[in-house]
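Respectively, the protein sequence lines represent chains A and B. Under the numbering used here, the final residue of the first sequence carries the number 467; numbering is consecutive throughout. Under the numbering used here, the final residue of the second sequence carries the number 541; numbering is consecutive throughout.
Think of the hints as simulated: they come from the structure by calculation, not from any bench. Here a beta-carbon is modelled for each residue, glycine too, at the ideal position from N, C-alpha and C. Heads up, a few of these hints could be off.
[Unchecked claim] Only pairs whose alpha carbons sit at most 30 angstroms apart, straight line, appear in this in silico DSBU-like list of lysine-lysine:
1) B:K471 <-> A:K339
2) A:K183 <-> B:K474
3) A:K396 <-> A:K447
[Unchecked claim] Facing chain A, according to a computed beta carbon distance under 7 angstroms, are these residues of chain B, among others:
4) D478
5) Y479
6) S501
7) F502
8) D503
9) M505
10) S506
11) Q521
12) A525
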Amino acid sequence: MMRKRKGYPVYPLTNAQKFHTFYQNFCPKKEVLNIGTSLTIEAELDVDMLRKAIAAAYERCDAMRLRFARDKEGTLYQYIVDKDDREIEYVDFSGKTMEEAAQIMTQWTQVPFKRCDSPMNRVVIIKMPDGYQGLYFLANHMTMDAQSLICFLKDVIEIYCSSMYEGVEYPKAMASYVEQLEKDLAYEAGSKAQQRDREYFEKLIDASEPIYNGVSGRAQLEAERARCGNQALRAAVNVSDSVDSALDVFHLEAEPTKRLLDFCEKHHVSMATLLLMGLRTYFQKMNGNDDVSINTAIARRATLKEKRCGGTRIHSFPFRTVISPEKTFLEGIYEIRNKQNEYFRHANYNPTEYFAYRSKKYPNQPGRTYEPMSLTYQPLTLKDKEMDKLGDIHYKTRWYPNGATTQAMYLTVMHRPDDNGLDFSFEHQVKAVTREQLEYLYYYLCKIMFKGTENPNLPVGDIIKLV
Amino acid sequence: MFEKLVKIICDYVEVEPENVHRDSRFMEDLGFTSFDYMSMLGELEDTFDVEIDQQQAADIRTVGEAVSYLETLV
Numbered sequence: 001m002m003r004k005r006k007g008y009p010v011y012p013l014t015n016a017q018k019f020h021t022f023y024q025n026f027c028p029k030k031e032v033l034n035i036g037t038s039l040t041i042e043a044e045l046d047v048d049m050l051r052k053a054i055a056a057a058y059e060r061c062d063a064m065r066l067r068f069a070r071d072k073e074g075t076l077y078q079y080i081v082d083k084d085d086r087e088i089e090y091v092d093f094s095g096k097t098m099e100e101a102a103q104i105m106t107q108w109t110q111v112p113f114k115r116c117d118s119p120m121n122r123v124v125i126i127k128m129p130d131g132y133q134g135l136y137f138l139a140n141h142m143t144m145d146a147q148s149l150i151c152f153l154k155d156v157i158e159i160y161c162s163s164m165y166e167g168v169e170y171p172k173a174m175a176s177y178v179e180q181l182e183k184d185l186a187y188e189a190g191s192k193a194q195q196r197d198r199e200y201f202e203k204l205i206d207a208s209e210p211i212y213n214g215v216s217g218r219a220q221l222e223a224e225r226a227r228c229g230n231q232a233l234r235a236a237v238n239v240s241d242s243v244d245s246a247l248d249v250f251h252l253e254a255e256p257t258k259r260l261l262d263f264c265e266k267h268h269v270s271m272a273t274l275l276l277m278g279l280r281t282y283f284q285k286m287n288g289n290d291d292v293s294i295n296t297a298i299a300r301r302a303t304l305k306e307k308r309c310g311g312t313r314i315h316s317f318p319f320r321t322v323i324s325p326e327k328t329f330l331e332g333i334y335e336i337r338n339k340q341n342e343y344f345r346h347a348n349y350n351p352t353e354y355f356a357y358r359s360k361k362y363p364n365q366p367g368r369t370y371e372p373m374s375l376t377y378q379p380l381t382l383k384d385k386e387m388d389k390l391g392d393i394h395y396k397t398r399w400y401p402n403g404a405t406t407q408a409m410y411l412t413v414m415h416r417p418d419d420n421g422l423d424f425s426f427e428h429q430v431k432a433v434t435r436e437q438l439e440y441l442y443y444y445l446c447k448i449m450f451k452g453t454e455n456p457n458l459p460v461g462d463i464i465k466l467v
Numbered sequence: 468m469f470e471k472l473v474k475i476i477c478d479y480v481e482v483e484p485e486n487v488h489r490d491s492r493f494m495e496d497l498g499f500t501s502f503d504y505m506s507m508l509g510e511l512e513d514t515f516d517v518e519i520d521q522q523q524a525a526d527i528r529t530v531g532e533a534v535s536y537l538e539t540l541v
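Just chain A, with the same shape it has in the complex (with noise of 0.2 angstroms):
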């Protein structure tokens, strides 16, 4: 067991670290776990200066200065460096346009890094063709998330703006990396905490095997009946034999988000639980099965200490849901929202290890699954106080595909730091699902939550036919 690297103390990868790499491992382009986006600001930038503030950051985030290493069984493991001494680099677009310039940058985001003894993100300042200026950041997901990716960047704007401008103080000190670490490592060696959440995870499993839900319908799944002559097969598989995929962006515009934001607070439940009626009505609609199933993802940051902290703490489980046509759409909302709130006392458990119980309690053939989607729902934004004390400057966020994905769709939505909108980004397999199944999913999951929400006593059947 290696205890240290280069001098420095290293650690076991977390569950969630183990996630990544145990999907990475299936993937043949390694850049599948790179994160790329942009952060430009109408304004004229000192160079130098966001260069110290760039540096400033990266000492105070120990996930910047993230290494990983591997023993001589092949293990890997973590350490953090002391100092990153790379240059920060600038590179200025004017004379391109603004596609060349995002076709640049996505290039750079499917660049792989180096997995051992190297660093895991990229900074570089840019001037874009239209004259904005800020930041491209690379990072791997197995040392950031993009709670973690924003809150690097808020640090560089917040440590930028202190020395710019009178009267903005120096921001709080980020939150060590390694506590939390320690934290999540004591949780895996055998804590009750740890039990308690294994139990309450094996017994949902346990309870009954869920069914697979097609994009477009049942085809999927009686296809892969037929092909295994068992009618009574309830997953099937949904990615192609590519890993090759695209980013198809749809832009819900502030006014009707405002709507949707309206409802939640009204009754009390998030974003994420709309969306996941929403979807999961989509797929009752298309394949006319109460039990739909949908992965999610959790990004486990409550506490100050977690948000701060940087790396990666995503862990993603499937989430069932078995809403009858009677049931009407609030109640179906409720049913969701307290059983998320079951999930978020139980997302420290190790979700490779629920899916290696539930292959075990359901055995299938390699490559099938009972979820046709991934949800991620991404509510912290760029758009706070410090941004504000700029003024009113515009400023322009923008997320880079890497390009590979082994996951058939992958859902998350943000909201717009601009106009307050919301962006529904889905990377999927090219192969796998097409930019017109995409169109015609997003066009009936906003019918069925604008309906819904409009109509919160209409039964989920009625909203069915309606929509």
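Given the coordinates of chain A, work out where chain B should sit on it, guided by the hints.
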């Protein structure tokens, strides 16, 4: 009980203790997400050595209601 709860609340959201009142609402006033709130229940169970009913906890809106509920358990 109130002071202990305020101390725990301040570990979860960016709020100064003096700004947490009995009528402060967890979501709307203090900025809790449902995940923050449900995670805090686990800490409250450990701190006060009680078992919290999730359904009842989900109906709690304010800090004062939480204090009253916890007082029935200890």
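>> Can you verify the interface hint for S501 of chain B: is its Cβ closer than 7 angstroms to any Cβ in chain A?
In response: holds (5 angstroms)
>> Using the nearest Cβ pair, does M505 of chain B come within less than 7 angstroms of chain A?
In response: M505 of chain B check passes; min Cβ-Cβ to chain A is 4 angstroms, inside 7 angstroms.
>> Just to be careful, I want the Cα atoms of K471 of chain B and K339 of chain A compared with a cutoff of 30 angstroms; is the pair within it?
In response: holds (28 angstroms)
> Would the stated hint for S506 of chain B survive a check requiring a Cβ distance to chain A of less than 7 angstroms?
Replying inline: Holds - the Cβ of S506 of chain B comes within 7 angstroms of chain A, reaching about 3 angstroms at its closest.
>> Checking one constraint from the list: CA of K396 of chain A to CA of K447 of chain A, max 30 angstroms. Satisfied?
In response: holds (28 angstroms)
>> The hint names D478 of chain B as touching chain A; please verify it with the least Cβ-Cβ distance against 7 angstroms.
In response: The hint holds - D478 of chain B has a Cβ within 7 angstroms of chain A, the shortest such distance being about 5 angstroms.
> Does the interface hint hold: is Y479 of chain B within less than 7 angstroms of chain A, judged Cβ to Cβ?
Replying inline: holds (6 angstroms)
> Between K183 of chain A and K474 of chain B, does the CA-CA distance stay at or below 30 angstroms?
Replying inline: holds (20 angstroms)
> Taking 7 angstroms as the limit, does the beta-carbon of A525 of chain B come near enough to a beta-carbon in chain A?
Replying inline: holds (6 angstroms)
>> Does the closest beta carbon of chain A sit nearer than 7 angstroms to the beta carbon of F502 of chain B?
In response: At 5 angstroms from the nearest chain A Cβ, F502 of chain B passes the 7 angstroms test, so the hint holds.
> Regarding the hint that Q521 of chain B lies at the interface with chain A, is the smallest CB-CB distance below 7 angstroms?
Replying inline: Hint holds; Q521 of chain B Cβ to chain A Cβ min 6 angstroms, cut 7 angstroms.
> Against chain A, with CB atoms and a cut of 7 angstroms, does the hint on D503 of chain B hold up?
Replying inline: holds (5 angstroms)
When each numbered hint is compared with the structure, no violation occurs for any of them.
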